[in-house]
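**Q** Sequence:
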Amino acid sequence: MGRIWHTLAPVILVTLALLGCASDGSSSPTPVERESTLPSPQAPTPQPTLPPTATPDPCPPIRESALPARPATFGNEYVLALQEYLNAGGDPATLAQVLQEWEALAPEGGLPLRQDLTGDGSPEIVVTCINPQAETFPPEGLLAVLICRNGAYETLYTYMPEPFSNIALIGGQDLTGDGKNELVFAEVTCGAHTCWDTLHVGSWNGSDFQEQISGEAALPYPTFTLTKEAILARSAGIGSVGAGPQRVYTETWTWNGSVITRTATELGPARYRYHVFRDGDAAFRAGRYAEAFDAYLRVINDETLEPWAGFYSAPEERLWFTALARWRLVLLGMQLGNTPDAEAHYQRLQADFTPETPGYPVAQLAHRFWDAYGRLGMTPGACEEALAAPEAPVVLEFLNSFGYANPTYTAEELCPLMTP
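Position one of the sequence shown corresponds to residue 1273 (our numbering), numbered consecutively onward.
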């Protein structure tokens, strides 16, 4: 026991001394400042910039290749031959030359197109061609879309139109606003005098090109232009004498949220006196009376307007339209309540057109109207009496002698004041 105490005594004494220091009322001891063990911040070590990883090209490499021979049979064999040529290293830029060598280049829109139509980030190749050995007109044609996958070309899509038809490739454009280009082409058919292009717009849906056109989209001899949001189709009309005089017009086809449809038709400048007269009538019906007035005066006075002279000689046609424009100015004055102006044109019409003058039936029609208006004091009744006159069918015969491509006038349109 004495030995244990001898061993523990120093420890107990030291402990008691420390407790005494802690309870003497002095302030807390100042902590000892220690050096931080965290490393000081350092500037990052510059790292070399690595070049971007190249995206593998899904198409076979281009190498010098002989142009392929033309297949013996038109159709899928043509597509397969082009596909094999490209897979052997043929340059897609030479496809037009291949088709020329085969005498298979389509007369309209025949140049191949390279554009991404599926949204996979790689351009497809669109080719159209005709059968150079066809005995029909137009010769049969086809359209094919080739796609690169895993280093080789495959046929993604083929369109074969009906017999006596071929394809005019127009281009590719995102017309629906979904970020993916549509395939735009026309199917060409020809009759005895006129060739018609029927517009097609296809959107790739993962398995097929889905048609987006709604409505009748056939135009005679059109020129197509793709804009950022629309297809513009400009046509000069039907290529037949029996169609009559025609004027250039432009149709606009746009996406309406569900389909691509015709949203506007704009007529080009009128070359023929007939069309200026029709413009005046359209303005009259729409209540644009100042525009109608100017058109009718132009019919009478403009020496630059051309005659059609289909069933009447050019001088006869000019006199007929002068009489008709005067008659319209009479009615326009009545419509606007300007009786003095209407009477002045009426008197001029009666003075200029005697029984032997082409256009005289129009003056007779105006005479019956003016007489009835003087008795009845109302324009609808005066129009009814004028239209019952024997001269009315003669005037209609002239107006409806301008071909089947132009609208047909009705008897009521001879006097557009039938309703009060």
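Be aware that one or more of the hints could be misleading.
To be verified - Here are the simulated EDC-like cross-link-like pairs (lysine to aspartate or glutamate), alpha carbons at most 16 Å apart as the crow flies:
| id | residue 1 | residue 2 |
| --- | --- | --- |
| 1 | 1500 | 1450 |
| 2 | 1452 | 1488 |
| 3 | 1452 | 1407 |
| 4 | 1452 | 1412 |
| 5 | 1500 | 1575 |
| 6 | 1452 | 1483 |
| 7 | 1452 | 1388 |
I should point out that these hints are in silico values taken from the structure, not numbers from a laboratory.
**Q** Report the numbers of all earlier hints that the structure fails to satisfy, in ascending order.
**A** 2, 3, 4, 5
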